[in-house]
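Peer 1: The hints should help you fit chain U onto chain A, whose structure is shown.
Those protein sequences? They're chains A and U, same order as listed.
Counted the way the numbering used here counts, the first sequence spans residues 1 to 387.
Counted the way the numbering used here counts, the second sequence spans residues 1001 to 1261.
What the hints contain is simulated information worked out from the structure, not anything from laboratory work.
Please note that the accuracy of each hint is not assured.
Examples of chain A residues toward chain U, derived with CB under 10 Å [to be verified]: (1) Leu33; (2) Leu36; (3) Ala37; (4) Asp69; (5) Thr70; (6) Trp74; (7) Leu105; (8) Pro113; (9) Pro118; (10) Gly262; (11) Ile306.
The beta-carbon is built from N, C-alpha and C at its ideal position, and this holds for glycine as well.
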Amino acid sequence: MRVLEHERAVTAWVETLAGPDTATLRLGGSWRLAHLAGLDRDLIAALARLLEAPPRRARIVADGLDQLDTAGGWLIVRTIRALEAARVTVELVGARPAHAALLELLRGSEAAPCDPPPRDHPWLRLVLRTGAGTVHAAQEGARFLSFAGAVTLSLLRQLLRPRTLRLTSIVHHIEQTGVNAIPIIAIMAFFIGIVLAYQGADQLRQFGAEIFTVNLVAVSTLRELGVLLTAIMVAGRSGSAFTAQIGTMKVNEELDAMEVIGLDRLAVLVTPRLVALAVSLPLLTFLANLMALVGGGLVVVLLLDIPTVLLLRQLQAAVGIDLFVAGMIKAPVFAVLIAAIGCYMGLQVEGNAESVGRLTTQSVVVSIFAVIVVDALFSMLFATFGI
Amino acid sequence: MAEPEHVIPEHVIEVEGLVTTFGATTVHEGLSLRVRRGEIMAVVGGSGTGKSVLVRAITGLLRPKSGSIRLFGEDLGALGDAARQALRARTGMLFQDGALFGSLTVAQNIEVPLSTWHRLRPGLLDELAGLKLALVGLPPAAGSKYPAELSGGMRKRAGLARALALDPEILFLDEPTAGLDPIAAAAFDELIRSLQAALGLTVVMITHDLDTLQRTADRIAVLVDKDTTIGTLAELRANPHPWIQAYFAGPRGRAAAGGES
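If we strip away everything but chain A, and leave its shape as in the complex, we get (with noise of 0.2 Å):
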């Protein structure tokens, strides 16, 4: 016999005898997960060893053996099925009733090591990516076609028929969406006023032209920057929370629950908000406008030193009703946008709260993106008919 190692930490340890017919390992110490890796790399090192010239039996003796979890214990029944799967016979020698008993709970149990994930060629995983991401957000676009075609029919329904319109949930979502944020699109729509006020002064005095602030401000703030911070405001606000609410209902089973009692969620859930933010958005688009011309009036009064008198004759030669209405119309057609997208969110909520989170988040992306697209319609449609 000849020894091949003699590996001995102070805490485990795995000492191999070769001889020509049987090989001994002769294990000790605590086998446990915190020596784990030392003996991991040490048995694999004996083993490949040992089946240079397997031998024809292999003794485990075991008899050294402190401590043994599980961890431990599979290094030694996978050692053990290495050298079965050699044609050595393997005798287990010397372990503690204990020890023993866990050993054969492992043998017995049909442990295999985890695949880590398959993972794809990254070239691939782009181009599986590109495509899958192609044809979801085909089938997201017909999904929601088909969503917005049974809101109008619902809608019309309810109409047609106007006590089926539930008005308590419209109030309500009128106050939710449109009273309870005064404050914040007031405040905001002033300080856009203030900025637009400043920077057009900067730029117009090289001009000696100060007095036409009122005009960028006016004319900006009317027809674009009013209703589109608005509408981006009010999707962060509302049409997120319209995604969250419905989808929370989702995950806790409540829109099953209406499906089974008979009520049409679309009529329940979704037109409510549809009409109250068509409400709501118009009006909070007017205080927008209005503050933002306050923001901006009050910079060219103290600023400028521009009387008031003068500044409001400036600003009513420039903004005439069509200037108003051009910005306003836009109000209603953002506000459906954004309470559909936000409804339609909630719904395609499924199961889990994670889902609940990513869906609101797409929401406000999703109903932002929409607002600027369509806003960006509506001035090629404006150029088009010269408004």
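Peer 2: Using the frame of chain A, we list chain U on its own:
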């Protein structure tokens, strides 16, 4: 499997004079509980009697208002953060619905405690994850699945596999058989019994399942009157306290006992 340099305490969990309150309501008032090494202690009680609160206090998830909690003879309140974390590595907990990390596969879930506490090569981690899966009776293929793809019973088993990852000495189970069908629940009872016997675990489990009590529990701690009454099933059946009588001698209690007598 005890550390040789320590004196083995007879009781691995000692709760003394525990008081926990939420706002104005007192949940426990001077509660005491002692769990012996290697036993299965069931915790039962009506809704709102603070079974989960008790387990959360023992595992250090919740700070009690007063009272002492000793794990392996060491006072939780007197320990520093590092020492408390090290004690945590000697316990495992199965949460009610598994509480598996949703963004990780089952195998990765089992590997989280392993790689938090030990430096092991990835291949060995996968082997150990596979071993734990086999121990709790899950097929190897379950390892690459995500928790959302598993049934409730499989999630519980996966959660148990994660709780067992570090070969804990104490295992806490929160309603291990709730939501399982009777066959799966019986299999789970059997699994806990056999793991407890093979690994020498101390088990503390919250349960409402009278069959589980009958089959697995060595002793039972009943939470009544903001304290515990501890005894074997037979002792508790003889206890005259009205709630305990209603619980064990009620129609369901008698039905569960009927199988044995």
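Peer 1: Next, verify each hint and record whether it holds.
Peer 2: Each hint tested on the structure:
1. Leu33: 6 Å, holds
2. Leu36: Holds: closest Cβ of chain U sits about 6 Å from A/Leu36, inside 10 Å.
3. Ala37: 5 Å, holds
4. Asp69: 4 Å, holds
5. Thr70: 6 Å, holds
6. Trp74: Hint on A/Trp74: holds, closest Cβ of chain U at ~5 Å, below 10 Å.
7. Leu105: It holds, given that the least Cβ distance between A/Leu105 and chain U is near 5 Å, below 10 Å.
8. Pro113: With a minimum Cβ separation of about 4 Å from chain U (threshold 10 Å), the hint on A/Pro113 holds.
9. Pro118: Result: holds, 8 Å to nearest chain U Cβ.
10. Gly262: 29 Å, violated
11. Ile306: 59 Å, violated
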